[in-house]
Amino acid sequence: MREAGIKDDEIVRCRDGSPLSPAQAARRRWLAVLARASLAELEAIRGAIEGVIGDHAPPRLLRQPEIGMTMLRGRMGGTGQVFNFSEITMTRCTLQLADGRLGCAYMSGRKKNEARLAALIDALLQDPDHGERLIALAIDPLSAEQAARARQRVDKSAPTKVEFFTLVRGENPA
Amino acid sequence: MMAQGQGGLLMLEGFADPVDDSQRIFRQILQAVSRPGCVVTLDPLPPAPAGLNAASIALCLALLDHDTSLCLDGPTLTIARQHIAFHTGAPPAEMDEAAFTLIADGNVLPDLSRLPHGDAEYPERGATLILQVAGFDGPRRHVLRGPGVDGTTELSVRGLGDGFWTAFAANQHRFPLGFDTILVHDNAIVALPRSTFAVTHPVEA
Numbered sequence: 001m002r003e004a005g006i007k008d009d010e011i012v013r014c015r016d017g018s019p020l021s022p023a024q025a026a027r028r029r030w031l032a033v034l035a036r037a038s039l040a041e042l043e044a045i046r047g048a049i050e051g052v053i054g055d056h057a058p059p060r061l062l063r064q065p066e067i068g069m070t071m072l073r074g075r076m077g078g079t080g081q082v083f084n085f086s087e088i089t090m091t092r093c094t095l096q097l098a099d100g101r102l103g104c105a106y107m108s109g110r111k112k113n114e115a116r117l118a119a120l121i122d123a124l125l126q127d128p129d130h131g132e133r134l135i136a137l138a139i140d141p142l143s144a145e146q147a148a149r150a151r152q153r154v155d156k157s158a159p160t161k162v163e164f165f166t167l168v169r170g171e172n173p174a
Numbered sequence: 001m002m003a004q005g006q007g008g009l010l011m012l013e014g015f016a017d018p019v020d021d022s023q024r025i026f027r028q029i030l031q032a033v034s035r036p037g038c039v040v041t042l043d044p045l046p047p048a049p050a051g052l053n054a055a056s057i058a059l060c061l062a063l064l065d066h067d068t069s070l071c072l073d074g075p076t077l078t079i080a081r082q083h084i085a086f087h088t089g090a091p092p093a094e095m096d097e098a099a100f101t102l103i104a105d106g107n108v109l110p111d112l113s114r115l116p117h118g119d120a121e122y123p124e125r126g127a128t129l130i131l132q133v134a135g136f137d138g139p140r141r142h143v144l145r146g147p148g149v150d151g152t153t154e155l156s157v158r159g160l161g162d163g164f165w166t167a168f169a170a171n172q173h174r175f176p177l178g179f180d181t182i183l184v185h186d187n188a189i190v191a192l193p194r195s196t197f198a199v200t201h202p203v204e205a
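Taken in sequence, the protein lines are chains S and P.
Quick note: the first sequence, position 10, residue 10 per the working numbering, numbers continuous.
Quick note: the second sequence, position 173, residue 173 per the working numbering, numbers continuous.
If you're looking for bench data, these hints aren't it; they were derived computationally from the structure.
Predicted model only: the values in this text are computed from it and were never measured.
Even glycine gets a Cβ: it sits at the ideal position worked out from N, Cα and C.
Treat the hints loosely; a few may be bogus.
Not everything, but these chain S residues come out facing chain P in the computed CB check (under 10 Å) [said to hold, decoys possible]: (1) His56; (2) Lys161; (3) Glu163.
Heads up, incomplete: computed chain S residues facing chain P, CB under 7 Å, no partners named [said to hold, decoys possible]: (4) Pro58; (5) Leu62; (6) Gln96.
Chain S extracted, bound-state conformation (with noise of 0.2 Å):
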């Protein structure tokens, strides 16, 4: 089983086939994290940056936070076929800062406060000045959290897992 997080970088590529840059797999990362936060953590995550950045002006909202569908795909123990596995529901927002920063959000869920909160975070965390130092206090030790709770999850689900084997075949009588 794998576990939550980024794992499979080398399988994500931009659009054109390219690797993605250093910038894109920094962003996907903080993305994932995230996407996978709760309110109230977005809020604690929020709070952070403007104490570092201090007031900023409000975003404008391209795309108001929506609640659509979308096609969750599986392989059977994460290398088999690729399956349809089911829709979810999933809510995503974009906005755009003053100075042109764009923050986006796509998050599984009817989460639209979240959405709207994590696609702003997204946008205050491209800053050019502060950026690392922002993910360094915002967003990894979230990020280690999630880790934790994943792996939390593993350990207690890994020993009810079962292995079937065949004794005797039917067909083969003594």
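Use these hints to put chain P onto chain S, whose structure you have.
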């Protein structure tokens, strides 16, 4: 998915209330299409990118989605293209395949015979042509008749090349196939569906 690589460009919002506003605009488009030749003012209007009328972008936001391809014809429409792609997800297409073709200047017309007009089994695959014109006034009168018109009605259009009326006349002979037209100026539209017949009167001396 979109939103990336826009640099410092400021992008525009879509409808203030995406669901209700696009339904209001859709209702007004229905009104226009069911009364060919009537000038219908659209409201509420979203902000328009450079090169497009407010009513054009309202039509696009109300009618387009990822299942309807769009051919956007005209120079310097890069920002408009991005704007429509971002807000509707409509894939770009060549004119002979696009479900919708938007022409920015009615005086600079491409070859309209390239517009898809559907086939006998699927007449609904005929294109919808959105044409930006310079106004609904002018010296030349076009007399319209057909479904939705009580007897005849007159339409004057400024800034629309003769090529359109030639293509429109050819279109009338294909019914039920053909393309549907929506003329746009500023915040108003006039629909000329494929069921409408037009007779053009020469300029009066």
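Hints, verified against the model:
no.: 1; hint: His56; verdict: violated, 16 Å
no.: 2; hint: Lys161; verdict: violated, 36 Å
no.: 3; hint: Glu163; verdict: violated, 41 Å
no.: 4; hint: Pro58; verdict: violated, 13 Å
no.: 5; hint: Leu62; verdict: holds, 5 Å
no.: 6; hint: Gln96; verdict: holds, 6 Å
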